[in-house]
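Participant: Sequence:
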Amino acid sequence: MPVTGAQASVGPFEANDTGGIIAWSPQAQRHARAMAREHCARYGKLARITSVYARYGQYIGFACRFPRGRGRVILRARY
1081 MPVTGAQASV GPFEANDTGG IIAWSPQAQR HARAMAREHC ARYGKLARIT SVYARYGQYI
1141 GFACRFPRGR GRVILRARY
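Sequential numbering of the sequence shown, starting at 1081, is according to this note's numbering.
Each hint should be verified, as a subset may be incorrect.
Each pair of labels, with its calculated beta carbon distance range [to be verified]:
hint, residue 1, residue 2, range
1, P1092, G1149, 17 to 27 Å
2, R1148, P1106, 27 to 37 Å
3, G1137, R1110, 29 to 39 Å
4, P1147, H1111, 20 to 30 Å
5, T1098, G1149, 30 to 40 Å
6, L1126, F1093, 31 to 41 Å
7, S1105, G1149, 16 to 26 Å
8, G1149, P1106, 30 to 40 Å
9, Q1138, N1096, 19 to 29 Å
10, N1096, Y1133, 31 to 41 Å
11, A1103, R1128, 10 to 20 Å
12, N1096, G1137, 28 to 38 Å
13, Q1107, R1148, 27 to 37 Å
14, P1147, N1096, 30 to 40 Å
Because the hints were derived from the structure by calculation, they are not lab data. Every residue, glycine too, gets a C-beta built ideally from N, C-alpha and C.
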């Protein structure tokens, strides 16, 4: 089966420190949480699945977030 331009532009897994996408397949859907969790753990963050489009050629989106109370810096001005 030939690969179209839209399918060839993104691999089965693309991500950075803020989140990413996983190409949808029945097998990927079964393992998406574990894949996202493992990826986000590299940055000390938790993974959250944000979207699932359950069709071939579509993606499972996820976000990497710091746990509550961690990762925020509060700057206070001194006068």
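Participant: Does each hint hold? Answer for all of them.
Facilitator: Here is how each hint holds up against the structure:
{"no.": "1", "hint": "P1092 x G1149: 17 to 27 Å", "in the structure": "violated, 34 Å"}
{"no.": "2", "hint": "R1148 x P1106: 27 to 37 Å", "in the structure": "holds, 33 Å"}
{"no.": "3", "hint": "G1137 x R1110: 29 to 39 Å", "in the structure": "violated, 18 Å"}
{"no.": "4", "hint": "P1147 x H1111: 20 to 30 Å", "in the structure": "holds, 23 Å"}
{"no.": "5", "hint": "T1098 x G1149: 30 to 40 Å", "in the structure": "violated, 19 Å"}
{"no.": "6", "hint": "L1126 x F1093: 31 to 41 Å", "in the structure": "violated, 18 Å"}
{"no.": "7", "hint": "S1105 x G1149: 16 to 26 Å", "in the structure": "violated, 36 Å"}
{"no.": "8", "hint": "G1149 x P1106: 30 to 40 Å", "in the structure": "holds, 37 Å"}
{"no.": "9", "hint": "Q1138 x N1096: 19 to 29 Å", "in the structure": "holds, 20 Å"}
{"no.": "10", "hint": "N1096 x Y1133: 31 to 41 Å", "in the structure": "violated, 20 Å"}
{"no.": "11", "hint": "A1103 x R1128: 10 to 20 Å", "in the structure": "holds, 19 Å"}
{"no.": "12", "hint": "N1096 x G1137: 28 to 38 Å", "in the structure": "violated, 22 Å"}
{"no.": "13", "hint": "Q1107 x R1148: 27 to 37 Å", "in the structure": "holds, 32 Å"}
{"no.": "14", "hint": "P1147 x N1096: 30 to 40 Å", "in the structure": "violated, 19 Å"}
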